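**Q** Assemble chain B onto chain A, guided by the hints.
Protein sequences appear in the order of chains A and B. According to numbering that gives the first Met the number 0, the stretch in the first sequence is residues 0 to 347, in order. According to numbering that gives the first Met the number 0, the stretch in the second sequence is residues 0 to 386, in order.
Quick caveat, the hints were computed from the structure, so don't treat them as lab data. All values derive from a computational prediction rather than experimental measurement. All residues carry an ideal CB built from backbone N, CA and C; glycine is no exception. Some clues are possibly wrong.
Claimed, not checked - From chain A, some residues computed to sit far from chain B (all C-beta separations above 10 angstroms): (1) Val34; (2) Thr95; (3) Arg105; (4) Arg122; (5) Ser188; (6) Ala293; (7) Pro306; (8) Ala311; (9) Ala317; (10) Asp340.
Said to hold, decoys possible - Partial selection, computed: residues in chain A whose CB lies under 10 angstroms from chain B: (11) Val90; (12) Glu103; (13) Asn120; (14) Thr124; (15) Glu127; (16) Ile135; (17) Gly139; (18) Ile144; (19) Ser149; (20) Tyr161; (21) Leu322; (22) Arg323; (23) Val324; (24) Val325.
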Amino acid sequence: MSTFQQKSMDAETLISVRGAKKYFPVTEGWFNRQVATIKAVDDISFDIRKGETFGLVGESGSGKSSIARLILRAYDLTEGEILFRRTSGDVVDITTLGDRDMREIRREMQMIFQDPYSSLNPRMTLLELVGEPLVIHGMGTPAEIKDRVSELLGLVGLRPEYVMRYPHAFSGGQRQRIGIARALALNPSFIAADEAVSALDVSVAAQNINLMQDLQEKLGLTYLFITHDLGMVEHISDRVGVMYLGRLMEVGPTDELFAKPKHPYTEALLAAVPQPDPRGNRTRKRVALKGEIADAMNIPTGCPFHPRCAYADDKCRAETPALRVVEGGRQVRCHHAESLDLVGVTAQ
Amino acid sequence: MTDIQTFDRLSALPATPPLAPKEAARDENVYTAKPWTLIWWRFRKHKLAVVSLGFMITLTLLAIFADFMSPYLPGTFNKLNTFAPPSVVRVIHDGQLQRPFIYPMKRTRDMETARVIYQEDRTKVLPVRFFVEGETYNLLGLVETKTHFFGVDDRRQQINLLGTDSLGRDLFSRLLYGARVTLSAGLVGVAFSFVLGLALGAVSGYYGGWLDSGIQRLMEFIRSIPTIPLWMGLAAALPIAWDPLFVYVLITVILSLIGWTHLARVVRGRFFSLKTEDYVLAARLSGASEYRIVTKHMLPAMTSYIIASLTLAVPEMILGETALSFLGLGLRPPVVSWGVLLQDAQNLRSISLAPWLLAPGVAVVLVVLAFNFIGDGLRDAADPYGQ
Numbered sequence: 000m001s002t003f004q005q006k007s008m009d010a011e012t013l014i015s016v017r018g019a020k021k022y023f024p025v026t027e028g029w030f031n032r033q034v035a036t037i038k039a040v041d042d043i044s045f046d047i048r049k050g051e052t053f054g055l056v057g058e059s060g061s062g063k064s065s066i067a068r069l070i071l072r073a074y075d076l077t078e079g080e081i082l083f084r085r086t087s088g089d090v091v092d093i094t095t096l097g098d099r100d101m102r103e104i105r106r107e108m109q110m111i112f113q114d115p116y117s118s119l120n121p122r123m124t125l126l127e128l129v130g131e132p133l134v135i136h137g138m139g140t141p142a143e144i145k146d147r148v149s150e151l152l153g154l155v156g157l158r159p160e161y162v163m164r165y166p167h168a169f170s171g172g173q174r175q176r177i178g179i180a181r182a183l184a185l186n187p188s189f190i191a192a193d194e195a196v197s198a199l200d201v202s203v204a205a206q207n208i209n210l211m212q213d214l215q216e217k218l219g220l221t222y223l224f225i226t227h228d229l230g231m232v233e234h235i236s237d238r239v240g241v242m243y244l245g246r247l248m249e250v251g252p253t254d255e256l257f258a259k260p261k262h263p264y265t266e267a268l269l270a271a272v273p274q275p276d277p278r279g280n281r282t283r284k285r286v287a288l289k290g291e292i293a294d295a296m297n298i299p300t301g302c303p304f305h306p307r308c309a310y311a312d313d314k315c316r317a318e319t320p321a322l323r324v325v326e327g328g329r330q331v332r333c334h335h336a337e338s339l340d341l342v343g344v345t346a347q
Numbered sequence: 000m001t002d003i004q005t006f007d008r009l010s011a012l013p014a015t016p017p018l019a020p021k022e023a024a025r026d027e028n029v030y031t032a033k034p035w036t037l038i039w040w041r042f043r044k045h046k047l048a049v050v051s052l053g054f055m056i057t058l059t060l061l062a063i064f065a066d067f068m069s070p071y072l073p074g075t076f077n078k079l080n081t082f083a084p085p086s087v088v089r090v091i092h093d094g095q096l097q098r099p100f101i102y103p104m105k106r107t108r109d110m111e112t113a114r115v116i117y118q119e120d121r122t123k124v125l126p127v128r129f130f131v132e133g134e135t136y137n138l139l140g141l142v143e144t145k146t147h148f149f150g151v152d153d154r155r156q157q158i159n160l161l162g163t164d165s166l167g168r169d170l171f172s173r174l175l176y177g178a179r180v181t182l183s184a185g186l187v188g189v190a191f192s193f194v195l196g197l198a199l200g201a202v203s204g205y206y207g208g209w210l211d212s213g214i215q216r217l218m219e220f221i222r223s224i225p226t227i228p229l230w231m232g233l234a235a236a237l238p239i240a241w242d243p244l245f246v247y248v249l250i251t252v253i254l255s256l257i258g259w260t261h262l263a264r265v266v267r268g269r270f271f272s273l274k275t276e277d278y279v280l281a282a283r284l285s286g287a288s289e290y291r292i293v294t295k296h297m298l299p300a301m302t303s304y305i306i307a308s309l310t311l312a313v314p315e316m317i318l319g320e321t322a323l324s325f326l327g328l329g330l331r332p333p334v335v336s337w338g339v340l341l342q343d344a345q346n347l348r349s350i351s352l353a354p355w356l357l358a359p360g361v362a363v364v365l366v367v368l369a370f371n372f373i374g375d376g377l378r379d380a381a382d383p384y385g386q
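Next comes chain A alone, as it looks inside the complex:
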């Protein structure tokens, strides 16, 4: 792997996204004239540390899933770099890799999908499904692959005898665990879970979340956990990033961010979370979010959040704030981060 160029990165960091941009052209007519640009991801930078769970939250259309797909290089970046620390210790910029080098990297980063139905090929047995990554990378004889698949199924709490079954024999939660087994097949160090439990019942979702946490402990995995469910994020994440219209609005450790949000958008999201104790609602200040998330083709000038922000002033309408570090090492993209006193939620 001498072709990999060395980049510098903090020793504790597994993935570093730096100035990532992904623009999709909107074309029209016969000759594909470009009429507009969708900025799905716009100038995003954050680090994911080894062994942690980084939560990414935001409304639908905020670009959360695009980030996961960019890190796994399902799409190519428009601009920016994504550094990844290999198990060997080498640091590579995955955005510049050729197909063959990228294939090597794919052993170390995998994805768990949102929809447990469409993410498993219905025409393959569990053996073929979970074993496919092993076959692709030529890892082992058919007998060895079968053993490994049985082992993986055991790891995610499915009976190893199920290897000859097809996905239609399983419930949504079980299918999601098959997806987890497939993601684990190549022994990756990083897994992106894109809304991995959003399609499941609450109780089944909780089981799978706990399974993912157990596996993280056992196998030393690092997760990028994408969801719109703040309760889930609070439960599983070490650090959280809040996204709005393709931009990161705030990044910080989970407890601090939940207890004391620094961005008005975070405050509004937290206020919208249902409380287990309904009487708690009365004592809490409710910040209702005005309007809808803006059209990605037509992002507001200045701070993209200003049309919906209760604290917006002329500066917000004119100047786009940058993601900057404020007290306690937290990052916020707001002009008034220091002066605002925002309400979070306190853990019981």
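**A** Relative to the frame of chain A, chain B by itself:
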């Protein structure tokens, strides 16, 4: 905010409750059933389609072994047996049950109109015999033999299950020989359009963009051409001196040049929808090559749809061949096809005199219906994982 924690107690993964042994075995069958097994189970529920499938298999076998199954050769004429009505196979003679037999026909002439009249001679019994010696032919082009599946043991009498035509040729024999040409024209035509449709549809759906727009416009152009004038033009371009079999291949090519557009649409649509399936992305993220993704993930998900639409395309080809030949633009005698046979039924006089000449038309209707039923059944069963 901490409501999630309360579920920790449920974290022990649920064990599947044990089933009764018999029930468990049956369920396990369903769980490990191959996709094609599931498709067959679904198809089986479609009674009409199953009956049609049986009918088509029988007809195909009859066509393949036409020379053995038919009592006479398609070209054998008999000037003393013109426009003979169908022979009725009976089992009761003189109030007594017998082995199957026919009554011989007596040919007389109406003295006033000079028309030939056939009458059954009820005094004599002509038993239907199996494996009788008849005219010599080459079975499947390999073995020279004289044995026919059935016939009558009488040099002067014939068994004509569907009557005879103006030259006294046995219509049943000609129908079986014609089935060979007509059915294979349908299949060969569909095979041609399958190749065209699959290739162009796949390119269109997989790459998209301007290539897709170009192919789509081409398809719309082809579909907008009025077919009969086009056929007439093309048929006029074929020299009359060419070998009839070569003309037959050309006719099917012409039909498929028009017919491929339907299939291309289906393939394109499937590629479009499959491209965005999560399991295709999952394979890509595992490092699968384009070739593996197309052959292992996309094509298997399409085959059943493709087969269903191919089945639905066969009747179109058969109708096309029949129409062309009926109009005299397609196959010409001495080639025997259902369209050619129907040419004999073109004038009113022969239909009123010998309505059995329309039998090939009935055969066309039955085959077209059967293919449509099979196609419908397959289409419903094609996605065993949908609702």
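**Q** Hint by hint, say whether it matches the structure.
**A** Each hint tested on the structure:
{"no.": "1", "hint": "Val34", "result": "16 angstroms, holds"}
{"no.": "2", "hint": "Thr95", "result": "18 angstroms, holds"}
{"no.": "3", "hint": "Arg105", "result": "4 angstroms, violated"}
{"no.": "4", "hint": "Arg122", "result": "5 angstroms, violated"}
{"no.": "5", "hint": "Ser188", "result": "15 angstroms, holds"}
{"no.": "6", "hint": "Ala293", "result": "25 angstroms, holds"}
{"no.": "7", "hint": "Pro306", "result": "28 angstroms, holds"}
{"no.": "8", "hint": "Ala311", "result": "27 angstroms, holds"}
{"no.": "9", "hint": "Ala317", "result": "36 angstroms, holds"}
{"no.": "10", "hint": "Asp340", "result": "20 angstroms, holds"}
{"no.": "11", "hint": "Val90", "result": "20 angstroms, violated"}
{"no.": "12", "hint": "Glu103", "result": "8 angstroms, holds"}
{"no.": "13", "hint": "Asn120", "result": "4 angstroms, holds"}
{"no.": "14", "hint": "Thr124", "result": "7 angstroms, holds"}
{"no.": "15", "hint": "Glu127", "result": "9 angstroms, holds"}
{"no.": "16", "hint": "Ile135", "result": "5 angstroms, holds"}
{"no.": "17", "hint": "Gly139", "result": "15 angstroms, violated"}
{"no.": "18", "hint": "Ile144", "result": "13 angstroms, violated"}
{"no.": "19", "hint": "Ser149", "result": "15 angstroms, violated"}
{"no.": "20", "hint": "Tyr161", "result": "8 angstroms, holds"}
{"no.": "21", "hint": "Leu322", "result": "26 angstroms, violated"}
{"no.": "22", "hint": "Arg323", "result": "28 angstroms, violated"}
{"no.": "23", "hint": "Val324", "result": "26 angstroms, violated"}
{"no.": "24", "hint": "Val325", "result": "24 angstroms, violated"}
Hints 3, 4, 11, 17, 18, 19, 21, 22, 23 and 24 from the list above are not met by this structure, while the remaining hints are.
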